[in-house]
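Novice: Sequence:
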Amino acid sequence: MPAVDKLLLEEALQDSPQTRSLLSVFEEDAGTLTDYTNQLLQAMQRVYGAQNEMCLATQQLSKQLLAYEKQNFALGKGDEEVISTLHCFSKVVDELNVLHTELAKQLADTMVLPIIQFREKDLTEVSTLKDLFGLASNEHDLSMAKYSRLPKKKENEKAKTEVVKEVVAARRKQHLSSLQYYCALNALQYRKRVAMMEPMIGFAHGQINFFKKGAEMFSQSMNNFLSSVADMVQSIQGELEAEAEKMRVSQQELLSVDESIYAPDFDVAAPQINRNLIQKAGYLNLRNKTGLVTTTWERLYFFTQGGNLMCQPRGAVAGGLIQDLDNCSVMAVDCEDRRYCFQITTPNGKSGIILQAESRKENEEWICAINNISRQIYLTDNPEAVAIKLNQTALQAVTPITSFGKKHESSCPSQNLRNSEMENDRIVPTAELRVPEADELIAPGTPIQFDIVLPATEFLEQNRGNRRINPFGETEDETFPEAEDSLLQQMFIVRFLGSMAVKTDTTTEVIYEAMRQVLAARAIHNIFRMTESHLMVTSQTLRLIDPQTQVTRANFELTSVTQFAAHQENKRLVGFVVRTPESTGGEALSTYIFESNSEGEKALLKNISLHKDLTYVIEYRDRDRERERERERERERERERGRDTQAEGETIPKLDYLAAFNVSSARPSSFTSSSKFTISSRSGTNLRIWEIILLS
Numbered sequence: 001m002p003a004v005d006k007l008l009l010e011e012a013l014q015d016s017p018q019t020r021s022l023l024s025v026f027e028e029d030a031g032t033l034t035d036y037t038n039q040l041l042q043a044m045q046r047v048y049g050a051q052n053e054m055c056l057a058t059q060q061l062s063k064q065l066l067a068y069e070k071q072n073f074a075l076g077k078g079d080e081e082v083i084s085t086l087h088c089f090s091k092v093v094d095e096l097n098v099l100h101t102e103l104a105k106q107l108a109d110t111m112v113l114p115i116i117q118f119r120e121k122d123l124t125e126v127s128t129l130k131d132l133f134g135l136a137s138n139e140h141d142l143s144m145a146k147y148s149r150l151p152k153k154k155e156n157e158k159a160k161t162e163v164v165k166e167v168v169a170a171r172r173k174q175h176l177s178s179l180q181y182y183c184a185l186n187a188l189q190y191r192k193r194v195a196m197m198e199p200m201i202g203f204a205h206g207q208i209n210f211f212k213k214g215a216e217m218f219s220q221s222m223n224n225f226l227s228s229v230a231d232m233v234q235s236i237q238g239e240l241e242a243e244a245e246k247m248r249v250s251q252q253e254l255l256s257v258d259e260s261i262y263a264p265d266f267d268v269a270a271p272q273i274n275r276n277l278i279q280k281a282g283y284l285n286l287r288n289k290t291g292l293v294t295t296t297w298e299r300l301y302f303f304t305q306g307g308n309l310m311c312q313p314r315g316a317v318a319g320g321l322i323q324d325l326d327n328c329s330v331m332a333v334d335c336e337d338r339r340y341c342f343q344i345t346t347p348n349g350k351s352g353i354i355l356q357a358e359s360r361k362e363n364e365e366w367i368c369a370i371n372n373i374s375r376q377i378y379l380t381d382n383p384e385a386v387a388i389k390l391n392q393t394a395l396q397a398v399t400p401i402t403s404f405g406k407k408h409e410s411s412c413p414s415q416n417l418r419n420s421e422m423e424n425d426r427i428v429p430t431a432e433l434r435v436p437e438a439d440e441l442i443a444p445g446t447p448i449q450f451d452i453v454l455p456a457t458e459f460l461e462q463n464r465g466n467r468r469i470n471p472f473g474e475t476e477d478e479t480f481p482e483a484e485d486s487l488l489q490q491m492f493i494v495r496f497l498g499s500m501a502v503k504t505d506t507t508t509e510v511i512y513e514a515m516r517q518v519l520a521a522r523a524i525h526n527i528f529r530m531t532e533s534h535l536m537v538t539s540q541t542l543r544l545i546d547p548q549t550q551v552t553r554a555n556f557e558l559t560s561v562t563q564f565a566a567h568q569e570n571k572r573l574v575g576f577v578v579r580t581p582e583s584t585g586g587e588a589l590s591t592y593i594f595e596s597n598s599e600g601e602k603a604l605l606k607n608i609s610l611h612k613d614l615t616y617v618i619e620y621r622d623r624d625r626e627r628e629r630e631r632e633r634e635r636e637r638e639r640e641r642g643r644d645t646q647a648e649g650e651t652i653p654k655l656d657y658l659a660a661f662n663v664s665s666a667r668p669s670s671f672t673s674s675s676k677f678t679i680s681s682r683s684g685t686n687l688r689i690w691e692i693i694l695l696s
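Per our numbering, residue 1 is the first one in the sequence shown, and the count goes up by one each step.
Hints listed in this document are in silico derivations from the structure and should not be mistaken for laboratory results.
Since the structure is predicted, the reported quantities are computational estimates derived from the model, not experimental observations.
Cβ coordinates follow ideal geometry from the N, Cα and C atoms, glycine included.
Errors might be hidden in some of the hints.
Have a look at the derived ranges for each label pair, beta carbon to beta carbon [to be verified]:
id: 1; residue 1: Glu532; residue 2: Pro447; range: 30 to 40 Å
id: 2; residue 1: Gly78; residue 2: Ser219; range: 24 to 34 Å
id: 3; residue 1: Arg637; residue 2: Gln548; range: 26 to 36 Å
id: 4; residue 1: Lys165; residue 2: Ala104; range: 54 to 64 Å
id: 5; residue 1: Gly238; residue 2: Ser24; range: 27 to 37 Å
id: 6; residue 1: Lys389; residue 2: Arg623; range: 51 to 61 Å
id: 7; residue 1: Gln279; residue 2: Arg360; range: 14 to 24 Å
id: 8; residue 1: Pro313; residue 2: Thr580; range: 48 to 58 Å
id: 9; residue 1: Ser24; residue 2: Ser250; range: 20 to 30 Å
id: 10; residue 1: Leu150; residue 2: Glu69; range: 51 to 61 Å
id: 11; residue 1: Leu132; residue 2: Gly49; range: 31 to 41 Å
id: 12; residue 1: Asp5; residue 2: Lys389; range: 41 to 51 Å
id: 13; residue 1: Met530; residue 2: Ser250; range: 17 to 27 Å
The calculated lysine-lysine pairs, modelled on PhoX-like cross-linking and capped at a C-alpha distance of 20 Å, are [to be verified]:
id: 14; residue 1: Lys246; residue 2: Lys6
id: 15; residue 1: Lys173; residue 2: Lys130
id: 16; residue 1: Lys152; residue 2: Lys361
Based on the provided sequences and hints, a complete structural model is requested.
Specialist: Okay, here's the thing in structure tokens:
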């Protein structure tokens, strides 16, 4: 006999939509078989009870036997022999139509009783197990819904334990009922063949034994045919017994597993997370908005197909598209005090769907799988290898790099800004410098800020320097700094990557280490979103301006910028160290990392270096102006005391701005083009215009 279709017991616990869909086919087949069995039984009962109408009853029986071929069973594999056998029996019934008048007892024992037993035992058992399976599935869904509603913030261990026990009991009950139901449906495929043939064998033998005249009608070929049918039935019965034993053993093995597999989050302490997935499937809770402030959560089966996230409800033949994952971003979120929630964001930045996994392992694997798919790894020739390589690269990125020596040798001298004013003009010889360790630059575990969240006013209050108070009541020309900034300011488009506190600002190695940690953290936590700003460089400040509202997000005094540098390989990555005062009286060091549209070393950093040099010149100019004012005040006091106002003393030398600038330019710089700037200096009635030519 050809093999029959059957349900796989191993898929009972997973209870996927594919298994449910296949189960519906078996249920449809069982329903069709039930209808047909009832009709066949009615035909046999009519033969048994209608002795006077035997002719009509046998005719109907013959027709009903032929109708088996037209039933269109959903699982009709291997029914060809049954159909051909029933055709032969139909012919026999037609030949014996006039001879069956006194077969009540024998027909009741050999024809009607087996089919009644089949209907009452086998078909009724399948119907009962179907109802039990439905009840167990409903209880499991209710327990999972209760488990999903467990709060995350105010977690009650006792309540959680009770709910988990309830989930385990419901899941085990569903598993047991599904295994019994699947076994009954599989056995039904064998029993239906026996149930169709065994009554007819009894019917045929009853006819042979009852009618003496039948000996003339039944030839040896008919006996051979009946013997072959009996052998076929015995063969099917043997296959059924062997399959029943095999299913029993398999059922015991599947039920002998550890109880922990029924728990939704049994490996919460140390889950084995696969971060190299490029496809994923399983049940998730989908958040749906039902009103302005109301939401519902629906447990559905999700799976990935290429670059798409699909959803397939129970009973559906196929899944539907939920979200295109190409270039999307995904991250864990807190939502309605539920655990293991994550959000998928579209490429244009709009919030997408929010899903909830049933365990930490499932949550992180879904996030990793969607992240891998969003990078379009599935389009490569070997997506598994590409995913493994990317994750290994991300893990290597968090390994501390203790030496930047080789990269530091190739960096430009202008990237090593020396704050001579703050260090009292001390210059440390290059030969004595050593490459610091990573822990000496940044403290381990230092948090990273991926967005600028402080308002502009707070930045202004923190970074605004104290203005000099003139004790003689003289007012300075307030328009000069603004005019100077308007002449010298430069604008750059940058994207903020992150900032973090550092321990030192004596070397640019701290900027390189901060770049490495920020980029590694973004890769590990799947953070792709960056805040775009306009960075305005003036002779006094560095300003981060919102391109939409033109509101200043951050403002740093240029004198507080102690180091700045560009990445050795990716020149678009730039960073600088800022020294800010703290409420305790000390100073804090922070590194800010940006990505610019142009190469940071050629444009942005050179402008910062230029303005730092100009600030250096302006400080010398202010000192000279203060000296002249002090001299004027001294002369005024001498005139009041009646002294000689003619100045005979030593003339205070004025500072040569060009020489001062040359002193500043002696520090490492990498200007590649000359720039010309005009700086105005006013003292009393004298107006001096100094022209500074900056050459490479």
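Novice: Does each hint fit the structure? Answer for all of them.
Specialist: Verification of the hints:
1. The hinted window of 30 to 40 Å between Glu532 and Pro447 is violated, with their beta carbons roughly 23 Å apart.
2. Checked against the given bound of 24 to 34 Å, the beta carbons of Gly78 and Ser219, roughly 29 Å apart, stay inside it.
3. Our hint of 26 to 36 Å for Arg637 and Gln548 is violated, since their Cβ atoms are close to 56 Å apart.
4. For Lys165 and Ala104, the hinted distance range of 54 to 64 Å is satisfied, since their beta carbons lie about 59 Å from each other.
5. Under the hint 27 to 37 Å, the C-beta atoms of Gly238 and Ser24, about 30 Å apart, fit the expected range.
6. A hinted range of 51 to 61 Å holds for the C-beta pair Lys389 and Arg623, which are about 59 Å apart.
7. Under the hint 14 to 24 Å, the C-beta atoms of Gln279 and Arg360, about 20 Å apart, fit the expected range.
8. The hinted window of 48 to 58 Å between Pro313 and Thr580 holds, with their beta carbons roughly 56 Å apart.
9. As the Cβ distance of Ser24 to Ser250 is approximately 22 Å, the hint placing it in 20 to 30 Å holds.
10. The hinted range of 51 to 61 Å is satisfied by Leu150 and Glu69, whose Cβ atoms lie roughly 56 Å apart.
11. Range check, Leu132 to Gly49: Cβ separation about 35 Å, and the 31 to 41 Å hint holds.
12. Against the hinted window of 41 to 51 Å, the Cβ-Cβ separation of Asp5 and Lys389 comes to about 43 Å, which satisfies the hint.
13. For Met530 paired with Ser250, a C-beta distance near 54 Å fails the hint of 17 to 27 Å.
14. Using a Cα cut-off of 20 Å, the hinted pair Lys246 and Lys6 holds, with the two alpha carbons roughly 13 Å apart.
15. Taking the CA atoms of Lys173 and Lys130, the gap is near 13 Å; set against the 20 Å cutoff, the hint holds.
16. Between the alpha carbons of Lys152 and Lys361 the distance comes to roughly 16 Å, so the proposed pair stays at or under 20 Å and holds.
Comparing the model with each earlier hint shows violations of hints 1, 3, 13; every other hint is respected.
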